[in-house]
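Undergrad: Next come the chains, spelled out residue by residue.
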Amino acid sequence: MSVLPTSAPAEEPAHVWGKKLEPYLLVLPAMLILAFFFAGPAIYNIALAFQELSLFDLGREGRWVGFDNFAEVLTDPSTGQSLINTTVWLTVVTVVLRLVLGLGLALLLNATVFSRWKLGWLVRSLILVPWVTPPVVAVAAWKWLLDARYGVVNQFLVGIGAIEQGIPFLARTSTVWGAIETMLIWRELPFVVITILAALQSIPSELREAARIDGANEFQIQTRIVLPLLKPVLAVITLLTTIWTFNNFVYVWLATRGGPGDYTQVLATQMYTTSFVDYRMGAGAAVGVVMSLIMFAFALIYFFVIFREK
Amino acid sequence: MASIELKNLRKSFGAFDVIKGIDLRIEKGEFMVFVGPSGCGKSTLLRLISGLEDITSGDMIFDGKRVNAVAPAKRGIAMVFQSYALYPHMSVYDNMAFGLTLERGHSKEDIRRRVEKAADMLQIRPYLDRLPKQLSGGQRQRVAIGRAITRDPKVFLFDEPLSNLDAALRVATRIEIARLHADMDQVTMVYVTHDQVEAMTLADRICVLRDGLIEQVGTPLELYEHPASLFVAGFIGSPKMNFLTGPKVEAYGCATLGIRGEHMTIRPDGIWEGTVIHAENLGSDAYVYLDMGEAEPVVVRVDGTATVKSGEVLRVSPLQERLHRFDAAGRPIR
Chain A
8 MSVLPTSAPA EEPAHVWGKK LEPYLLVLPA MLILAFFFAG PAIYNIALAF QELSLFDLGR
68 EGRWVGFDNF AEVLTDPSTG QSLINTTVWL TVVTVVLRLV LGLGLALLLN ATVFSRWKLG
128 WLVRSLILVP WVTPPVVAVA AWKWLLDARY GVVNQFLVGI GAIEQGIPFL ARTSTVWGAI
188 ETMLIWRELP FVVITILAAL QSIPSELREA ARIDGANEFQ IQTRIVLPLL KPVLAVITLL
248 TTIWTFNNFV YVWLATRGGP GDYTQVLATQ MYTTSFVDYR MGAGAAVGVV MSLIMFAFAL
308 IYFFVIFREK
Chain B
643 MASIELKNLR KSFGAFDVIK GIDLRIEKGE FMVFVGPSGC GKSTLLRLIS GLEDITSGDM
703 IFDGKRVNAV APAKRGIAMV FQSYALYPHM SVYDNMAFGL TLERGHSKED IRRRVEKAAD
763 MLQIRPYLDR LPKQLSGGQR QRVAIGRAIT RDPKVFLFDE PLSNLDAALR VATRIEIARL
823 HADMDQVTMV YVTHDQVEAM TLADRICVLR DGLIEQVGTP LELYEHPASL FVAGFIGSPK
883 MNFLTGPKVE AYGCATLGIR GEHMTIRPDG IWEGTVIHAE NLGSDAYVYL DMGEAEPVVV
943 RVDGTATVKS GEVLRVSPLQ ERLHRFDAAG RPIR
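Protein chains in written order, with the working numbering: chain A, 8 to 317; chain B, 643 to 976.
It cannot be assumed that every hint is accurate.
To be verified - Sample of chain A residues facing chain B (criterion: CB under 7 Å; computed from the structure):
1) LEU214
2) ALA217
3) ILE220
4) ASP221
5) ALA223
6) PRO235
What the hints assert, rightly or not - Sample of chain B residues lacking proximity to chain A, with all beta carbon distances greater than 10 Å (derived):
7) ILE856
8) GLU915
9) HIS920
Because the hints were derived from the structure by calculation, they are not lab data.
Note that the structure is a prediction, hence the values are computed from the model and not measured.
All C-beta atoms in this analysis are idealised placements derived from N, C-alpha and C, irrespective of residue type, glycine included.
Let the sequences and hints guide you as you build the complete structure.
TA: Below you can see the structure in the form of structure tokens.
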């Protein structure tokens with residue numbers, strides 16, 4: 008015997024639909040802004056990457072060339088060099104140094120001795136100064152500091168007898184990456200310090216006390232209690248700083264414009280020169296797409312590795 | 643097992659004196675409870691015993707040896723914190739084994755045996771592989787106690803260990819701690835609480851603190867029956883002792899007369915009269931709050947079956963032998 012419904016299900020009243028729609032309506036403004044300022048340009052950039060189009064023809068449709076732009080970009084030896092520069096010299100070196108220095112400084116600022124010191128708040132505030140300096144101003148100031156003839160750094164080194172004449176730090180292949188990395192780390196380090204410091208301060212003091220009673224010395228407390236508890240925040244900092252730095256254009260462009268020669272060319276500056284110096288919008292867009300895909304793959308692998316345990 | 647002796651112990655934070663000179667001896671295997679209102683210095687005193695705070699002046703002596711400068715881990719103590727203080731990234735097993743892994747001379751097998759023994763005592767063996775966040779509040783507190791047991795301490799310190807638990811769990815864990823003390827009668831236990839019921843039910847002796855000084859030390863019954871001050875009389879016992887002043891007490895030759903709710907009876911020929919403000923029926927007993935013209939209502943304990951209405955005028959009489967007389971300085975007149 009089958010059981011049949013005796014009546015059709017009642018229609019849901021309007022206020023139930025209103026309730027269901029409410030969350031979508033609440034996220035709509037943010038979604039519209041994202042679509043307009045992010046998704047739109049991103050999709051346009053992807054479309055451009057499959058066209059041959061001069062900067063002067065922008066606004067008109069270019070010639071569709073399939074994967075030609077990608078083939079050209081990926082087989083160009085200078086792209087390989089830019090990728091190595093971007094990955095190793097710009098990103099890995101500065102992210103690792105920022106994490107090590109940031110962790111060290113945060114631990115120092117969080118130390119009991121330091122927090123009892125009356126001027127502790129002043130030092131914590133001063134740490135933020137580079138972070139509030141616009142990158143353009145920071146690079147300009149550093150270029151002056153590193154100037155071969157008038158720069159304070161060279162004057163100091165000559166003064167103490169370390170060198171006989173000023174070194175053009177940004178024009179020599181042996182020093183240029185070190186100089187760019189110094190500028191970047193100086194400007195971006197406070198973010199790492201402050202974020203780790205906030206995480207450190209959220210670790211309850213009872214955990215350190217329990218560890219002291221358990222017999223842990225200061226080094227064991229840091230390595231076996233504090234560091235494992237910082238792991239989530241260190242993971243997020245690593246992810247964010249890697250993506251921000253890999254895509255960064257400002258430091259290299261303002262400091263050297265990719266020079267001397269192409270020595271410090273990174274993917275972001277290559278994308279810019281291809282698009283706005285060589286006027287080849289399609290090829291430039293293809294560099295941008297390649298960069299996005301690399302970072303997307305990095306983020307996926309990173310999340311897989313970091314959150315595998317959970 | 644260790645005896646603890648505090649000699650003229652003082653602790654200041656900057657210009658602020660928290661512990662103002664304390665002399666106390668805690669015997670081997672004794673369960674001593676520090677009790678007092680917020681800010682009286684009881685937790686600071688426990689932290690001084692643990693070594694987590696430095697002593698400003700005076701002596702801390704364990705088994706006849708001065709330990710003022712001895713690190714917490716070297717004092718042979720274990721501590722249970724109010725917030726449990728379990729390491730969130732370690733499993734229950736690793737939390738309990740952590741202290742032993744830091745000490746030299748323990749094989750993995752020895753550590754496992756000791757952790758499992760403590761886990762069995764507290765019935766937490768099924769949770770050894772879990773993380774603290776996967777446990778309930780009561781289970782976490784048992785793990786914290788288990789971590790302390792694993793270290794086989796001479797002195798067990800408890801800092802308000804039941805404060806974060808709900809009422810039912812508090813009673814259950816209190817019983818568990820009392821049982822633990824019975825099982826580990828060689829271990830000296832020092833317990834801090836602001837809850838005088840915990841103090842009364844757990845302690846061999848209670849130390850009542852007030853403003854960084856000891857107000858009275860004694861067994862729970864001594865404190866209940868012979869309070870050394872108005873403060874102790876008001877702090878120990880629930881509901882607290884009633885205090886009468888003014889013309890009613892002139893005949894007794896004192897400034898304040900203390901009488902507990904359970905030591906008064908409602909009777910038609912009672913010597914004092916009061917109007918019922920409110921009555922709380924707890925089933926077995928009921929507490930009747932009377933307005934007798936004092937600063938605070940006078941509480942009388944009656945049988946749970948008694949029916950009392952608000953606004954009713956009642957007469958009460960105290961048990962004469964249970965009256966406590968205090969002078970103007972709050973000291974008892976014996």
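Undergrad: Which of the listed hints are not met by the structure?
TA: Per hint list: zero violations.
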